[in-house]
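> Following the hints, put chain B in place on chain A, whose structure we already have.
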Amino acid sequence: MPRPRPACATPPESPFLMFDLSLHDLLWAPFAEFGFLRRALVGCLALSLAAPPLGVFLMLRRMSLTADVLAHGILPGIAAGFLVAGLSVTAMSIGGLVAGLVVALGAGAISRATNGREDAALAALYLVALALGVTLISTRAGSVELSHLLFGSVLGVDDPALFMMAGIASLTLVVLAFAWRPLVLECFDPGFAAAARARGGLWHMVFLGLLVLNVLAAFQALGTLMAVGLMMLPAVAARYWARSVGGLAYVAAAVALVSSYLGLLLSYHVDLPSGPAIVLVSGGFWVVSVLCGPVDGLLFRFVRRAHLAG
Amino acid sequence: MSYEISLSDLTLTHGRRAAVHHCSGRFAPGSLTAIVGPNGAGKSTLLRAIAGLHSGMEGRLQAPRAQIALLPQAAALDRQFPISCLDVVLFGHWARAGAFRALSRGEKQAARDALAAVGLEGFEARLVGSLSVGQFQRVLFARLLVQDAPVILLDEPFNAVDARTAQDLVRLVKRWHGEGRTILAVLHDLELVRAEFPETLLLAREPVAWGPTAEVLTAANRMKARMMAEAWDAEAEACLRDAA
Numbered sequence: 001m002p003r004p005r006p007a008c009a010t011p012p013e014s015p016f017l018m019f020d021l022s023l024h025d026l027l028w029a030p031f032a033e034f035g036f037l038r039r040a041l042v043g044c045l046a047l048s049l050a051a052p053p054l055g056v057f058l059m060l061r062r063m064s065l066t067a068d069v070l071a072h073g074i075l076p077g078i079a080a081g082f083l084v085a086g087l088s089v090t091a092m093s094i095g096g097l098v099a100g101l102v103v104a105l106g107a108g109a110i111s112r113a114t115n116g117r118e119d120a121a122l123a124a125l126y127l128v129a130l131a132l133g134v135t136l137i138s139t140r141a142g143s144v145e146l147s148h149l150l151f152g153s154v155l156g157v158d159d160p161a162l163f164m165m166a167g168i169a170s171l172t173l174v175v176l177a178f179a180w181r182p183l184v185l186e187c188f189d190p191g192f193a194a195a196a197r198a199r200g201g202l203w204h205m206v207f208l209g210l211l212v213l214n215v216l217a218a219f220q221a222l223g224t225l226m227a228v229g230l231m232m233l234p235a236v237a238a239r240y241w242a243r244s245v246g247g248l249a250y251v252a253a254a255v256a257l258v259s260s261y262l263g264l265l266l267s268y269h270v271d272l273p274s275g276p277a278i279v280l281v282s283g284g285f286w287v288v289s290v291l292c293g294p295v296d297g298l299l300f301r302f303v304r305r306a307h308l309a310g
Numbered sequence: 001m002s003y004e005i006s007l008s009d010l011t012l013t014h015g016r017r018a019a020v021h022h023c024s025g026r027f028a029p030g031s032l033t034a035i036v037g038p039n040g041a042g043k044s045t046l047l048r049a050i051a052g053l054h055s056g057m058e059g060r061l062q063a064p065r066a067q068i069a070l071l072p073q074a075a076a077l078d079r080q081f082p083i084s085c086l087d088v089v090l091f092g093h094w095a096r097a098g099a100f101r102a103l104s105r106g107e108k109q110a111a112r113d114a115l116a117a118v119g120l121e122g123f124e125a126r127l128v129g130s131l132s133v134g135q136f137q138r139v140l141f142a143r144l145l146v147q148d149a150p151v152i153l154l155d156e157p158f159n160a161v162d163a164r165t166a167q168d169l170v171r172l173v174k175r176w177h178g179e180g181r182t183i184l185a186v187l188h189d190l191e192l193v194r195a196e197f198p199e200t201l202l203l204a205r206e207p208v209a210w211g212p213t214a215e216v217l218t219a220a221n222r223m224k225a226r227m228m229a230e231a232w233d234a235e236a237e238a239c240l241r242d243a244a
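Protein chains in written order, with this note's numbering: chain A, 1 to 310; chain B, 1 to 244.
The hints are simulated quantities; they were obtained by calculation from the structure and are not laboratory data.
We put the CB at the ideal spot given by N, CA and C, even for glycine.
Just so you know, not all the hints are guaranteed correct.
Some chain B residues flagged as far from chain A (calculated, every beta-carbon gap over 12 Å) [to be verified]:
1) Ala18
2) Gly52
3) Ser84
4) Arg101
5) Ala125
6) Val161
7) Thr165
8) Leu217
9) Met223
Okay, the calculated beta carbon distance ranges per label pair [what the hints assert, rightly or not]:
10) B:Gly122 to A:Ala109: 31 to 37 Å
11) B:Ala195 to A:Leu105: 23 to 29 Å
12) A:Arg305 to B:Lys174: 42 to 48 Å
13) A:Leu308 to B:Gly59: 53 to 59 Å
14) B:Ser6 to A:Leu105: 33 to 39 Å
15) A:Gly247 to B:Gln67: 32 to 38 Å
16) A:Phe34 to B:Gly129: 44 to 50 Å
17) A:Ala121 to B:Lys174: 30 to 36 Å
18) A:Val98 to B:Glu58: 35 to 41 Å
19) B:Val133 to A:Ala109: 40 to 46 Å
20) A:Ser244 to B:Arg26: 55 to 61 Å
21) B:Met57 to A:Arg305: 51 to 57 Å
22) B:Ala76 to A:Leu272: 32 to 38 Å
For reference, chain A alone in the conformation it holds in the complex (with noise of 0.2 Å):
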C-alpha cells in the first residue's frame, strides 16, 4: 500500500539548484518583479520587430556603414535637444529627428556626388557628428547624462519613450508591408525601376525615414554608440541561414527578439550594462551564425559533403 504523499512538499530539484535558482526564477520572474525590466523587455521587442528588416535592405544594398552614420549623426541633435529642455525625451527627439534627416540626406548626396564611393566622406561625416554632438553635451551636463546618451539606458526606459518605440515599430511594419516590393526593386535593379518610373528615389527617401525614426527608437533603449546594434548584427547574422529577402527579414527579427530577452536576462543576473549586453547576445548569435550557418558558414566548408550527380 502506497504511503500518502506529505500535503505540504519540498519543490522537486532543480537543475539550477547549485545557483539557487528555479527555472522561473532563471527566465520570468526578474520580468514579473521589476516594473522597469518589463518596459524594457516590451520596449527593445518592438525594437527587434521593426528595425532587423531594415538593416536587411541595408545590408542588401551594401549601406551598413550608413546606418552608424545616422545613428552618430543623430547625437548633435539629441545634444541640441539636451541642452535646451534637459533629459526630456520629447525635445531629444524632434532633435534627433531633424539631425537624423539632415545627415540622410547629406550621405545620399554624398552617394551620389561620389558616384557610391562614398565610404570615406561618410567616416569623416560621422565622426565629425560624435565630436561635436560630445563636446555639445559636455558644455552643460557631467559625465553621467553623457554616458547615458552615448551608451543608452534600457532599464531607464520611461512611459512616453516606450509609446514612442512602440509607435515607430507600429509604423516601420506597416509601412514596409507597402513599400516592399518598390524596395526589393529599387535594391536588385534600380536601373529597371528607373526605367519603369517606379520611382525609386521616392521609395528611398520613404527607407531613409524609417531609418532615421528606427535609429531614434533604439537611442532611446541603446544609446548613439550600440543604436544600430540591434538592426544590423541580426540583418548580417540572418544572411547564413535565410536565402530568400522575406527569410532573411524573418530570421534576423527573431535573432533580434531572443537577443532582446536573453540579454536583458544576462544583465539582470550577471550585473551587466543591459544595452550592451544585448548587442553582444546578436553578437554571439552572429559569431555561431558565421561559424555554423547552412548558408555559406564556415563549418560547411570543411565538412567535405558528396558533390551532386547532376
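Just chain B, lined up with the frame of chain A:
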C-alpha cells in the same frame, strides 16, 4: 500612338564631355537596328537617354517613354541578390501592376510561361546567384517577354553568353521584330549584325553612318569610326557648333 524614336541635334553629356555629339536621325516604328561602334562611342548612353535615364541633354529626343523596355548590361546587376528567377520575371508586370496591386493567377502563369519560353522551365524557385551568366541573361529576356513593350532596347545582350544561348536569344529578338516591335540593340559582333539586323547605326560619338546594314558596315566607315573615337582631345574647347 506612334512608337517612333527621333533625335534632332541631340548631344548627351557626362559633365561637360559629350558622350553623344550632335546626333540626328530616326528609328522607324517596327525597325530592327543594331548600334555598333568602338568603346566609348556613346552607345549605352544613347540607349539610356532613350529610356529616359540620362540627365545632361541638349537638342531634342522624342521617344514613347512609357512604352519602352530596357535590358541593361548584365554586369550592372548584383547577381548575388537573394531573389528567385520567378520573382525577377514577375517584376516585368510592374508597368501594369505597380507597387501595390496583387498579381493575378494569369499574370503569375505568364511569368512561368516566359521562363519556359527562354528554356528555363523548372527554374522558378532557383536563386539568381546560382545561375550561369547565360542562364541569368535568359531570365532577363523572360522579364522582357512579360513586359510586352512595343519598344525594346538591348544593351550588349549577347555578351559573355555561349553560342547556343546567343542563338536562342537572337531567335527571340527576331520573333519580336516579326511582331512589329521596335528594337535597338547595342552589339559588338559584326558577323551577327550582318546576318540578323537589317538596319545599323555606326556611332562614334557622332553618327558615322546610319541605314541599311550592308551600306553602313563598310571598311571605310569602320576606319572612320575608329579614327573619330581615338581623336580624344584632352584640351578640347567649348563646342561652337551651336553658335553657328
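> Decide, hint by hint, whether the structure agrees.
These are the hints, each one checked on the structure:
1. Taking the minimum C-beta to C-beta distance to chain A, about 19 Å, the non-interface status of B:Ala18 holds against the 12 Å cut.
2. Not every CB of chain A lies more than 12 Å from the CB of B:Gly52, the least distance being 7 Å, so the non-interface label is violated.
3. The non-interface label for B:Ser84 is inconsistent with chain A: the shortest C-beta to C-beta separation is roughly 7 Å, within 12 Å.
4. Residue-level check failed: B:Arg101 sits 9 Å from the nearest beta carbon of chain A, not beyond 12 Å.
5. Some Cβ of chain A comes within 12 Å of the Cβ of B:Ala125; the nearest lies about 9 Å off, and the non-interface call is violated.
6. Annotated as non-interface, B:Val161 keeps its C-beta farther than 12 Å from every C-beta of chain A; the closest such distance is 19 Å.
7. For B:Thr165, the requirement that its beta carbon stay farther than 12 Å from each beta carbon of chain A is met, with the minimum near 19 Å.
8. Against chain A, the non-interface label of B:Leu217 holds: every CB pair exceeds 12 Å, the least being about 29 Å.
9. Once the 12 Å rule is applied to beta carbons, B:Met223 is consistent with being away from chain A; the minimum gap is 34 Å.
10. Checked against the given bound of 31 to 37 Å, the beta carbons of B:Gly122 and A:Ala109, roughly 45 Å apart, lie outside it.
11. Checked against the given bound of 23 to 29 Å, the beta carbons of B:Ala195 and A:Leu105, roughly 51 Å apart, lie outside it.
12. Restraint check, A:Arg305 to B:Lys174: a C-beta distance of roughly 44 Å satisfies the suggested window 42 to 48 Å.
13. A hinted range of 53 to 59 Å for the beta carbons of A:Leu308 and B:Gly59 is consistent with their spacing of about 56 Å.
14. Taking 33 to 39 Å as the suggested C-beta distance range, the pair B:Ser6 and A:Leu105 conforms, at roughly 38 Å.
15. The hinted window of 32 to 38 Å between A:Gly247 and B:Gln67 holds, with their beta carbons roughly 36 Å apart.
16. With their beta carbons about 47 Å apart, A:Phe34 and B:Gly129 fall inside the hinted range of 44 to 50 Å.
17. Checking the proposed 30 to 36 Å range against A:Ala121 and B:Lys174 shows it is violated: the Cβ atoms sit about 48 Å from each other.
18. Between A:Val98 and B:Glu58 the CB atoms are about 39 Å apart, so this pair conforms to the stated range of 35 to 41 Å.
19. At about 35 Å, the beta-carbon gap between B:Val133 and A:Ala109 misses the expected band of 40 to 46 Å.
20. Between A:Ser244 and B:Arg26 the CB atoms are about 45 Å apart, so this pair departs from the stated range of 55 to 61 Å.
21. A C-beta distance of roughly 55 Å is found between B:Met57 and A:Arg305, which places it inside the suggested range of 51 to 57 Å.
22. Hint check: B:Ala76 to A:Leu272, Cβ distance near 47 Å, so the stated range 32 to 38 Å is violated.
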